[in-house]
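A.B. asks: Generate the whole structure from the sequences, applying the supplied hints.
Residue numbers (numbering that gives the first Met the number 0), protein chains in the order written: chain A, 0 to 461; chain B, 0 to 461.
One or more hints might be untrue.
Since the list can't tell identical chains apart, any single copy or any two copies may satisfy a pair.
As the list claims (entries may be wrong) - Think about it this way: if two alpha-carbon atoms lie no more than 30 Å apart in a straight line, the pair counts; the simulated DSS-like pairs of lysine-lysine are:
hint : residue 1 : residue 2
1    : LYS234    : LYS201
2    : LYS34     : LYS22
3    : LYS22     : LYS407
4    : LYS286    : LYS230
5    : LYS389    : LYS432
6    : LYS58     : LYS22
7    : LYS234    : LYS219
8    : LYS337    : LYS407
9    : LYS437    : LYS219
10   : LYS337    : LYS430
11   : LYS5      : LYS201
12   : LYS201    : LYS212
13   : LYS201    : LYS415
14   : LYS34     : LYS437
15   : LYS451    : LYS432
16   : LYS432    : LYS201
17   : LYS432    : LYS415
18   : LYS58     : LYS251
19   : LYS286    : LYS430
Since the hints were made in silico from the structure, they are not lab data.
Quantities reported herein were computed from a predicted structural model and do not represent experimental measurements.
Protein chains: 2
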Amino acid sequence: MVKGEKINFSIPSGFPEFLPSEKRLECYLLETIRKVFESYGFTPIETPAVERLEVLQAKNNQGDNIIYGIAPILPPNRQLEKEKAGEGISELRALKFDQTLPLAAYIARHLNDLTFPFARYQMDMVFRGERAKDGRFRQFRQCDIDVVARRELSLLYDAQMPAIISEIFEAINIGDFLVRINNRKILTGFFQSVGVTQHKIKTCITIVDNLEKVGEAKIKQNLEKEGLSLKQAQKIIDFVQIDGDVDDILDKLKHLSQNFLESEQFSLGLMELETVISGVRNLGVSKNRFAVDLSIARGLDYYTGTVYETTLLGHETLGSICSGGRYEELVGTFLGDKMPGVGISIGLTRLMSRLLKAGILQALPPTPAQVMVVNVREDLMPFYLEISQKLRQAGLNVLTCFDNWNLKKQFQLADKQGIRFCVIMGYEEVKAKKCSMKDLHNREQIELTWDKLIREIIRRLS
Amino acid sequence: MVKGEKINFSIPSGFPEFLPSEKRLECYLLETIRKVFESYGFTPIETPAVERLEVLQAKNNQGDNIIYGIAPILPPNRQLEKEKAGEGISELRALKFDQTLPLAAYIARHLNDLTFPFARYQMDMVFRGERAKDGRFRQFRQCDIDVVARRELSLLYDAQMPAIISEIFEAINIGDFLVRINNRKILTGFFQSVGVTQHKIKTCITIVDNLEKVGEAKIKQNLEKEGLSLKQAQKIIDFVQIDGDVDDILDKLKHLSQNFLESEQFSLGLMELETVISGVRNLGVSKNRFAVDLSIARGLDYYTGTVYETTLLGHETLGSICSGGRYEELVGTFLGDKMPGVGISIGLTRLMSRLLKAGILQALPPTPAQVMVVNVREDLMPFYLEISQKLRQAGLNVLTCFDNWNLKKQFQLADKQGIRFCVIMGYEEVKAKKCSMKDLHNREQIELTWDKLIREIIRRLS
Numbered sequence: 000m001v002k003g004e005k006i007n008f009s010i011p012s013g014f015p016e017f018l019p020s021e022k023r024l025e026c027y028l029l030e031t032i033r034k035v036f037e038s039y040g041f042t043p044i045e046t047p048a049v050e051r052l053e054v055l056q057a058k059n060n061q062g063d064n065i066i067y068g069i070a071p072i073l074p075p076n077r078q079l080e081k082e083k084a085g086e087g088i089s090e091l092r093a094l095k096f097d098q099t100l101p102l103a104a105y106i107a108r109h110l111n112d113l114t115f116p117f118a119r120y121q122m123d124m125v126f127r128g129e130r131a132k133d134g135r136f137r138q139f140r141q142c143d144i145d146v147v148a149r150r151e152l153s154l155l156y157d158a159q160m161p162a163i164i165s166e167i168f169e170a171i172n173i174g175d176f177l178v179r180i181n182n183r184k185i186l187t188g189f190f191q192s193v194g195v196t197q198h199k200i201k202t203c204i205t206i207v208d209n210l211e212k213v214g215e216a217k218i219k220q221n222l223e224k225e226g227l228s229l230k231q232a233q234k235i236i237d238f239v240q241i242d243g244d245v246d247d248i249l250d251k252l253k254h255l256s257q258n259f260l261e262s263e264q265f266s267l268g269l270m271e272l273e274t275v276i277s278g279v280r281n282l283g284v285s286k287n288r289f290a291v292d293l294s295i296a297r298g299l300d301y302y303t304g305t306v307y308e309t310t311l312l313g314h315e316t317l318g319s320i321c322s323g324g325r326y327e328e329l330v331g332t333f334l335g336d337k338m339p340g341v342g343i344s345i346g347l348t349r350l351m352s353r354l355l356k357a358g359i360l361q362a363l364p365p366t367p368a369q370v371m372v373v374n375v376r377e378d379l380m381p382f383y384l385e386i387s388q389k390l391r392q393a394g395l396n397v398l399t400c401f402d403n404w405n406l407k408k409q410f411q412l413a414d415k416q417g418i419r420f421c422v423i424m425g426y427e428e429v430k431a432k433k434c435s436m437k438d439l440h441n442r443e444q445i446e447l448t449w450d451k452l453i454r455e456i457i458r459r460l461s
Numbered sequence: 000m001v002k003g004e005k006i007n008f009s010i011p012s013g014f015p016e017f018l019p020s021e022k023r024l025e026c027y028l029l030e031t032i033r034k035v036f037e038s039y040g041f042t043p044i045e046t047p048a049v050e051r052l053e054v055l056q057a058k059n060n061q062g063d064n065i066i067y068g069i070a071p072i073l074p075p076n077r078q079l080e081k082e083k084a085g086e087g088i089s090e091l092r093a094l095k096f097d098q099t100l101p102l103a104a105y106i107a108r109h110l111n112d113l114t115f116p117f118a119r120y121q122m123d124m125v126f127r128g129e130r131a132k133d134g135r136f137r138q139f140r141q142c143d144i145d146v147v148a149r150r151e152l153s154l155l156y157d158a159q160m161p162a163i164i165s166e167i168f169e170a171i172n173i174g175d176f177l178v179r180i181n182n183r184k185i186l187t188g189f190f191q192s193v194g195v196t197q198h199k200i201k202t203c204i205t206i207v208d209n210l211e212k213v214g215e216a217k218i219k220q221n222l223e224k225e226g227l228s229l230k231q232a233q234k235i236i237d238f239v240q241i242d243g244d245v246d247d248i249l250d251k252l253k254h255l256s257q258n259f260l261e262s263e264q265f266s267l268g269l270m271e272l273e274t275v276i277s278g279v280r281n282l283g284v285s286k287n288r289f290a291v292d293l294s295i296a297r298g299l300d301y302y303t304g305t306v307y308e309t310t311l312l313g314h315e316t317l318g319s320i321c322s323g324g325r326y327e328e329l330v331g332t333f334l335g336d337k338m339p340g341v342g343i344s345i346g347l348t349r350l351m352s353r354l355l356k357a358g359i360l361q362a363l364p365p366t367p368a369q370v371m372v373v374n375v376r377e378d379l380m381p382f383y384l385e386i387s388q389k390l391r392q393a394g395l396n397v398l399t400c401f402d403n404w405n406l407k408k409q410f411q412l413a414d415k416q417g418i419r420f421c422v423i424m425g426y427e428e429v430k431a432k433k434c435s436m437k438d439l440h441n442r443e444q445i446e447l448t449w450d451k452l453i454r455e456i457i458r459r460l461s
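C.D. replies: Pasting the structure below:
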């Protein structure tokens, strides 16, 4: 190869790559999310990026997502061998496009080694071969939690989800948000009661799910296309727009249930919703963080009960920043069994990239180093190394400047990288086990003993 | 699809998948490694799993590793569209098999946004389409650091590497280990001085690199195959086996350099090695943690100076658990420029799996939860939720038992998952804002107020 010639080294379109300052923000977000997940006892797992294609296609739930297949690029001398092996369709491998079917496969693979209810989190990369559009990635990280039971799963697990969402977004500090809660059984029951035929209900729910995006008129049109009368469509639209605080809405639903609707689904859904809301309150979620919103449906048709969406107030165009719900059959797919579960998902890569663009989140300094030990005189390097190690042992992140640059350039380097403290030692300081510390936040420079230096830096950082 | 029928949901061969207890250990190892990396000012980056194939094939450094290509599996109605587009070889995408060329591409892509010397760490998954053998994976995580300069890179960066390796393996606490250090220039210089022709030197170094694996006789044979005389081969073998403590070996090398060898490479390598060793000492690395070993060469032919291997003493069969070295041209590949760098790599997936198998590391409990709030009476659930939240706010990981199982079953569940504390409250306790705490480590059960409970659990955990 001639060096550098002709090679296109740009990032393949649609694959995100962050600068250090952005990647450090992602690490911080991941740690914050992880801590909240773990505080509720969720345990980490990771499934391979690669699954058998038949696993990923086991349900028609990939929507329009295009799956990436993988195959080894064999050197010519091994092609033959491969042809002999005659790998068929059952040998096809592909990259996972979400973490749902992989979770189902994981549970099927390790059924007897897991404890149920099984509460796991997963923050893996997933891959989608779709056209790369603004804010859409072909590789991105999803932060998912699910809790899955063998038979029965308490509704209090559903109640924990809004508490977890609230804690995460409060910790990340992105402003006011609202977790909007609904129950699919309420929608199903209502649709039944206005006379929508059973096999059209899922389609109608999917239509209604777009209310916020496409507006009332379009929804009406689409419902009528499905054969609903104008009156039915209007009833549905009026229903999903029932407004008010949580108790108002619950009262209205109770009123409807007791006086007008004779649907078991509806009353079951209402009972579930009440239990969940009561749990959310008992978990101390502040009342401005959650609402009942009957228009929330979640497009994915595997949800059967509680559903959630999270809106960043004032930034509604971002769409839901954390969504999920309860399902009955999904996780048991490979076991031929029902296994109820409830989960939520944060599309972290997309969320972070949009929050950065909107100025809601700021990238971090490009280095984790908090201290730079400046190189004043090359022959004092042993002492620079010694003080660097002392600072590290105290838990600080330290860069030692090995290049023999002038002091101005070294300070500039620290400044450019967001390193707050510079430690400066000439011959006299070293002899006295002292040093100068420059705090680049306020340009203050003070002289200290080595021991006091460490304490002073820690004090200023805390 | 008929449920569960016929679908092979097993893990594709060669792709690792951990149980929660193992994944938790991996998370712990990653955090430990990350902390050490960051304490030396290395900053995180992540390159996409997918690169253009031409990037991954830019150097012949993939050895026998087979690259996985990827391609979208298009639904039939989009196949045509694809054929029209006529994607050629330049459109081929593939999964990265290591992090070296991706680092070179990253630097080329972001050259003006990075600060040099650029010190980065990366703990991404890499993929190799090789035959899955014991301990060999097709997907695994590598923990790499490299520091790269535009022009000159101080040898003190080389000196930091053994310090970093030592801190990591001391923190992980896997027993005694030894970082073995050498310099390729010393080998090259010696080979020159015994008359090995220039173009055979790299091959001979690769041969010698296998000394420990295949033994002296085989090495001799292989060197003779390359046209070396028995005498030359013997000289080389005697040389790389020079034994003794660090100063002994340095003295012997100095003696050779001053009296017998007239090789610039040799004396340059020796000077570099002395500088590195002196830095390692100034960084306070304990003397039983590192050695000079002239037989270390690293097979990969891009190393040009310092090279490292790390041996777990008493477990030599594991091979090197952390290796690396200095290179000159690799990272500048796409820029057509020399960019000196030095780095090390830990093959974490393989290392962890082998250390687990050898009993050197133990998996963690399968849940991060430290406390389980027991469900004594369903109607007290609001209080169970309240105390759970109080414990979480104090930084503890808490499971609330929502299932109405008998107490024995709940304690068993806690025990099975390695949850240490159970919090038990009946009606009387709740009324008095008290509870019982059972410590499953010693089976002790005590009664406490809620406030004291939190302090007592934190005390016992610390």
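A.B. asks: What are the numbers of the hints that this structure violates, sorted from low to high?
C.D. replies: Hints 4, 9, 10, 13, 16 and 18 are the ones this structure does not satisfy, whereas the remaining hints hold.
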